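Here is what each chain is made of, one letter per residue.
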Amino acid sequence: MKICISSTVDSINGLADGRFGRCPFYAIYDDETKEYEFVENEGAKAAQGAGIKAAQIVVDNGVDVVITGSLGPNAIRVLQAGNIKIYKMLGDKVKEQVGYYNEGKLISIDKPGASHMGIGK
Amino acid sequence: MQIAVLSGKGGTGKTTVSTNLAKLINVRYIDCDVEEPNGFIFLKPQDIKSKEVSIPVPYVDEDKCIHCKKCVDICQFNALVHTDRVILFEKLCHGCGACRAVCPTMAIVEKDRPIGKIETGYSDDMECLSGTLNVTEPMAGPIISKLKGMIDDKTTIIDCSPGSSCNVVKPLLGVDYAILVTEPTEFGLHDLKIAVELVRKMKIPFGVIINRMSQEDNATSKYCKDDNINIIGTIPFDRDIAVMYSKGELLIKDEKYKKMFTDIMSNIEEAIGCSL
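If you read the protein sequences in the order shown, they are chains A and B. At position 24 of the first sequence (counting the first as 1) the number is 24 in full-length UniProt numbering, and the numbers step up by one without a gap. At position 67 of the second sequence (counting the first as 1) the number is 67 in full-length UniProt numbering, and the numbers step up by one without a gap.
The following block holds chain B by itself, in its conformation from the complex (with noise of 0.2 Å):
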């Protein structure tokens, strides 16, 4: 079984409930959010292998280029263009091998381009994972999507990118319940509705958590009941809350917290056995 956790905006607590969460039942965290994964601060792994990612690029052979420019019309990404050669722009290239794939004279091959790593430690006896995207690098997607092909069908939770892109897409392809965490301002409840509106179009079951709840009575609850949203928990604004993250540490070390995700994860269980 697959968990996502996310939100429309970012700073709203994803990576504070998809680690609690995953420690608190004992399954295996994945950070998608690549750009900037901030998980393993907070599980602390140990032993973490390192492993880069990289992405097929096309180089010219210009001994056997004939300069037809099939290989730069078919780039959907124009990463390629023809003055007296072919210049690759290598950023703007996903490696999707069309080039090579239209050469008539074969002259493209193919080099891998590093853009990132994965990493993968263990908390105890639970298996961490996150991708980071080399500073520049402007795609994400080639490491997510290798991250995502790590896993097998034991439960995981995937704390994925803020916003609604095709980074968070990813992710959510093929997960069976969605936490979508937001903050009740009116920020919050905004890009939360976009939120909504993603995983309704990709019909995956959902629950909402509000993070840094001072009053019960908020816009952004308000929305969730006019709307037929499931609440599945709200953490509270709380000054002991923002000391434990800033040093770090999970919130289920204290006991407070910990029956707090504890109600979480059995209103998110029994909201699972309500849609399978």
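If we strip away everything but chain A, and leave its shape as in the complex, we get (with noise of 0.2 Å):
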């Protein structure tokens, strides 16, 4: 299984970004490898539709768990179509999220946030 934590830099001892579709950089964890592999977001950039874009790059990672701080319609919208599972982070650290996740800690997002929030954060 992957967990796909949105993430502000490409470590895990960094912080995790609250935005899904324009954060710069996706930490994906193994569960059987145990390891983080960092994915930069190329559609932190981009001029419209950041959230598909960057769920498009979830979906094609093999990603079945996403943990982020909230995300927009369409990128939600892709994301259960693809069948993978939102869940909103907890305190702010990359390296914690997975240890909430497997404690039951966190809790699922079913609802988007508003659209175009991530721009100028």
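Wrong hints could be hidden among the right ones.
[Stated by the list, open to error] List of simulated lysine-lysine pairs, DSS-like, C-alpha gap at most 25 Å: (1) Lys-85(A) with Lys-2(A); (2) Lys-69(B) with Lys-45(A); (3) Lys-154(B) with Lys-170(B); (4) Lys-88(A) with Lys-2(A); (5) Lys-193(B) with Lys-170(B); (6) Lys-111(A) with Lys-91(B); (7) Lys-69(B) with Lys-111(B); (8) Lys-2(A) with Lys-34(A); (9) Lys-2(A) with Lys-95(A); (10) Lys-117(B) with Lys-170(B); (11) Lys-259(B) with Lys-247(B); (12) Lys-45(A) with Lys-70(B); (13) Lys-2(A) with Lys-69(B); (14) Lys-146(B) with Lys-225(B); (15) Lys-225(B) with Lys-9(B); (16) Lys-45(A) with Lys-253(B); (17) Lys-117(B) with Lys-154(B); (18) Lys-85(A) with Lys-69(B).
[What the hints assert, rightly or not] Just a few of them, taken from the derived set where beta-carbon distance is under 8 Å, the chain B residues facing chain A: (19) Asn-78; (20) Thr-83; (21) Leu-92.
Hint data in this document are derived by calculation from the structure and do not stem from the laboratory. Because the structure is a prediction, the values reported are computed rather than measured. The beta-carbon is built from N, C-alpha and C at its ideal position, and this holds for glycine as well.
Could you fit the two chains together into a complex? Lean on the hints.
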């Protein structure tokens, strides 16, 4: 199983990013190898459709679970179409999120936040 | 000849200037402010004919799709996404057709999606055109392009959207002269400078009209003088104008304002003559 966390930097010691579509990196944790892989979000600088582009990256990487702050309506539609579960992050560190997930502390997100909120944060 | 009327800021009086000038010299008027067209309120054209404007959006035939994702990768607007099938976000689609062009199995066909309308009518014998973008639609470009495509080289006054976005650049393509309408406020001046930059970059000769002028000596007229910008006219800050505007009347109905617009027009003709 793969868990994807939206991240501000390409390090597990960094801060998780509350934005889904326009965060700079995704930390993708593989629970078989217990390792993180960092994927740059090419959608972050997109003029439009950042959330869609980002969701496509997540789908292409075979992710099963996304942990983030909030997502727009388009991103949520893509992730749901890809049968990816979405959870709201706790605290602010990237490396803490998988632990919270395994302990069942994370609340699932099933409603989109406002669109275009990631711009200008 | 095409004359565009624009402004960096909204609500400065573009429609007032363009409808009155168009009616005064009896030339074609075209409202390219498709998000909020209001020229027809003042010109009151008759026998309005309405035509729907659509853009072609892709439709994927799932039987033919081989899930190669080429359509998703080529889309510059992130309108397509692939999970177990291709999903279209139609409001992001610009109708460019790239997805159809790269599809190796011809699984993509295009369907027309209506985004707005174009209305044409006559105010006396004066031709009036206006585009309207449907509410919630994000893309005004295709309607503006279609409007521009409907005019020939007969003199036309083009009423633009406020700002300096694509929706202003599009109507400005190929125009002979630009009228920049502004008002003597800090915001008006700030946004006028952006509009000046735009028309200079596009190498369009232009002049400025200062609306709601209450005193001759203000920051906007000083800026124009310092920057060698031609002030082709001023419109006073006047209760009578506000009353006529609120009733949807053209100002040129009143002799004193008719004279004002006649003077503005002769300044424009002079400026165009010099720039040719």
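Against the structure, the hints come out as follows:
| no. | hint | in the structure |
| --- | --- | --- |
| 1 | Lys-85(A) with Lys-2(A) | 11 Å, holds |
| 2 | Lys-69(B) with Lys-45(A) | 21 Å, holds |
| 3 | Lys-154(B) with Lys-170(B) | 19 Å, holds |
| 4 | Lys-88(A) with Lys-2(A) | 16 Å, holds |
| 5 | Lys-193(B) with Lys-170(B) | 19 Å, holds |
| 6 | Lys-111(A) with Lys-91(B) | 20 Å, holds |
| 7 | Lys-69(B) with Lys-111(B) | 20 Å, holds |
| 8 | Lys-2(A) with Lys-34(A) | 10 Å, holds |
| 9 | Lys-2(A) with Lys-95(A) | 14 Å, holds |
| 10 | Lys-117(B) with Lys-170(B) | 17 Å, holds |
| 11 | Lys-259(B) with Lys-247(B) | 21 Å, holds |
| 12 | Lys-45(A) with Lys-70(B) | 21 Å, holds |
| 13 | Lys-2(A) with Lys-69(B) | 22 Å, holds |
| 14 | Lys-146(B) with Lys-225(B) | 38 Å, violated |
| 15 | Lys-225(B) with Lys-9(B) | 20 Å, holds |
| 16 | Lys-45(A) with Lys-253(B) | 52 Å, violated |
| 17 | Lys-117(B) with Lys-154(B) | 23 Å, holds |
| 18 | Lys-85(A) with Lys-69(B) | 23 Å, holds |
| 19 | Asn-78 | 3 Å, holds |
| 20 | Thr-83 | 4 Å, holds |
| 21 | Leu-92 | 5 Å, holds |
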